[in-house]
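J.: Now for the letters of each chain:
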Amino acid sequence: MITAGIDCGSKNTKIVIFKDDNIVSTASVLSGFDQEEAATEVLSKALENAGLERGEIKNIVATGAGMDAISFADDKVTTITANAAGAHFLFPSVRTVIDIGAEEGRVLRVDENGKVKDFGINEKCAAGAGAFIEAMARALEVDIATMGELSLKSTKQIPMNAQCTIFAESEVVSLIHQKTLKEDIIRAVHDAIADRNTSMVRQIGIEQDVALIGGVANNIGFIDSMNRNFGFDLLVPKELIAPEYVSALGAAIIAKEKMGG
Amino acid sequence: MKANYGYKDGSGEYFITIDTDLCNSCGKCVEACPAGVLELAENELDPLEEDLVAIVSENHRKKIKYSCAPCKPSGETKVPPCVKACEPGAITHSW
Amino acid sequence: MSNAESDKEYWRWTETRYTNPDIKWEEGTIISAGVDVGSVSTQAVVMVDGEIYCYSSMRTGSNSPDSANNAMEWALEGTGLSLDKIEYVVGTGYGRVNVPFSKRAITEIACHARGANFIYGPEIRTVLDMGGQDCKAIRCDQRGKVVSFLMNDKCAAGTGRGMEVFADLLQVHINDVGEMSLQVKEEPEPVSSTCVVFAKSEAVGLLREGWPKEKVLAAYCAAMAHRVVTLLLRLGIEEKFAITGGIAKNIGVVKRIEDELKLKAPEPSIDPQIAGAIGAALFAKALAEKQRKSG
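Chains as they are written, first to last, in our numbering: chain Z, 1 to 261; chain W, 1001 to 1095; chain R, 2001 to 2295.
Any given hint could turn out to be false.
Partner residues aside, some chain Z positions facing chain W, computed with beta carbon under 10 Å [unchecked claim]:
| # | residue |
| --- | --- |
| 1 | K19 |
| 2 | G120 |
| 3 | I158 |
| 4 | A162 |
| 5 | Q163 |
| 6 | D195 |
| 7 | R202 |
| 8 | G205 |
| 9 | Q208 |
Everything labelled a hint here was simulated from the structure, so no lab data went into it. Predicted model only: the values in this text are computed from it and were never measured. Every residue gets a Cβ at the ideal spot worked out from N, C-alpha and C, and that includes glycine.
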């Protein structure tokens, strides 16, 4: 049985096509201002990649901030539920999941069957999410894809006082004027956002294993900051699927379950 | 005098209010807090006053949502340890 | 629009200095001074027996001690008064611990309350100050002593920086934002995102839908005014109520605050930007008197 999960994120719309417990294809496009258009585009991209026809998809489930706008979805689930299903599929031992997207951070506890036990959402403040790292990359004039490896070169921990993305931009600029090394600044940026999200996890309690998903989990420097905060390594999807697709994967899995598969 | 330490940002309002008229400088709240959010210091808002009062330390003021999160488990309306420890009831949390 | 125009030129306000022609410092008993080093501007005020003798207001440089020195030097220019003759100096503001010639640092909340009391009179009980990177609401008594306060310097929404981001986005000079926002025939819904980062994306969407600039500015000024009002209401407002700080000069925000509170804020007779330094200078006088008493 072939199903699809579409995650309508605030920045990117992602899709996973799922067939007989295998990830067949993934695709991602910018969400832009027309969520339905983005979803349509990402669906045809993934179908093309997989060499499949639209009619072969038995069930499409939507999730994410913009899920209500998708008229062609057969069903919807909350991002939290999708996160749980996706993370559980990848790491059956997972009991705590941290999902950091472009505009929101989510933390959830799951049981051994991948069902949600408790959750918390850190929303509406850019400083807790990917938007923060993006803004800092702009202020530092550094390609966001290189932020991770640059920060791992840092040898010094410097404090970052600003807790707001806008003020942090000014702080970064004055740090540069004071000749602070970029890698030390980037490490401070990662540590700051890692601290914020670790606090949110402590609110629901930490139970191992802990998984880290969402686009920001591509950043190896950020992963390092998180691992240091926890004192152990977090599970991050890599070989099977990229971390930003886990919600869409969860939606596709739920799509299959709903069809009795 | 009521000192409101904290902030409002996109995600909500987070203020710890310390009533310095009620505070008796006992310091029990400082000991009760596991995150070091509170400390005893000169009342900076009344520079001519000499008694020590409880304050939220400067490095926590802009992130108290995060500093206090571990004492506020989700789904429970627990009384935070600092509020419990204060006999005169000088401390209140807005969330 | 040239690069220079779209750059820091948006912030260029006039730097000022002043000497009171009616005071002779040589005849005064206590000469005190306050220096307010903010993230954007620095003010130095010198008082003779609690009356303003001279002051300066200038842009804060990249170095706090230098800014304090420069502001004080400029304030004293042409007066014949030198720094060593000032009995007590208090530093305040963001850079208060870096005022090299000050004897004490006092938080700007206390100084601001005292300063507002001096500028607006003893009937003032609530002061709202909107600065470059913070927003303060202060309740004070008839002596200018702080009764309660609330400061928000964590989040850019409701601060000058937040407004600057919007002015930049819409390519409107910050001085014109207020007037322009009042040119709408009908008040639009305020921008729904409180976070400036997200409000920016929301604004881009509105422009795309065909909203004219005035309408977007109106929506943002309305959101900022509402946000500030909720902070004030948390503190509780007692009349008389006064507004100070850079955004006090943005009538789009001020008018919407006044409308929502159904209160009018008085016009100041002295530049409200020096309120913090005035308060600091008054504290300096009180501390000098205390010092003299204890010998």
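J.: A separate judgement is required for each hint: does it hold in the structure or not?
T.: These are the hints, each one checked on the structure:
1. The criterion of a C-beta within 10 Å of any C-beta in chain W is not met by Z:K19, whose closest approach is roughly 37 Å, and the hint is violated.
2. Below 10 Å, beta-carbon pairs count as interface contacts, and Z:G120 has one with chain W at about 5 Å; its hint therefore holds.
3. Checking Z:I158 against chain W by beta carbon gives a least distance of about 14 Å; that is not within 10 Å, so the hint is violated.
4. At its closest, the beta carbon of Z:A162 sits 8 Å from a beta carbon of chain W; the interface hint therefore holds under the 10 Å criterion.
5. For Z:Q163, the suggested interface contact is upheld, since its CB lies about 4 Å from the closest CB of chain W, less than 10 Å.
6. Hint status for Z:D195: holds, given a least beta-carbon distance of 7 Å to chain W, under 10 Å.
7. Taken as an interface hint, Z:R202 checks out: its beta carbon lies about 4 Å from the nearest beta carbon of chain W, inside 10 Å.
8. Taking 10 Å as the C-beta contact cut-off toward chain W, the hint placing Z:G205 at the interface holds, the least distance being around 7 Å.
9. Of the supplied interface hints, the one on Z:Q208 is violated, with its beta-carbon coming no nearer than about 17 Å to a beta-carbon of chain W, more than 10 Å.
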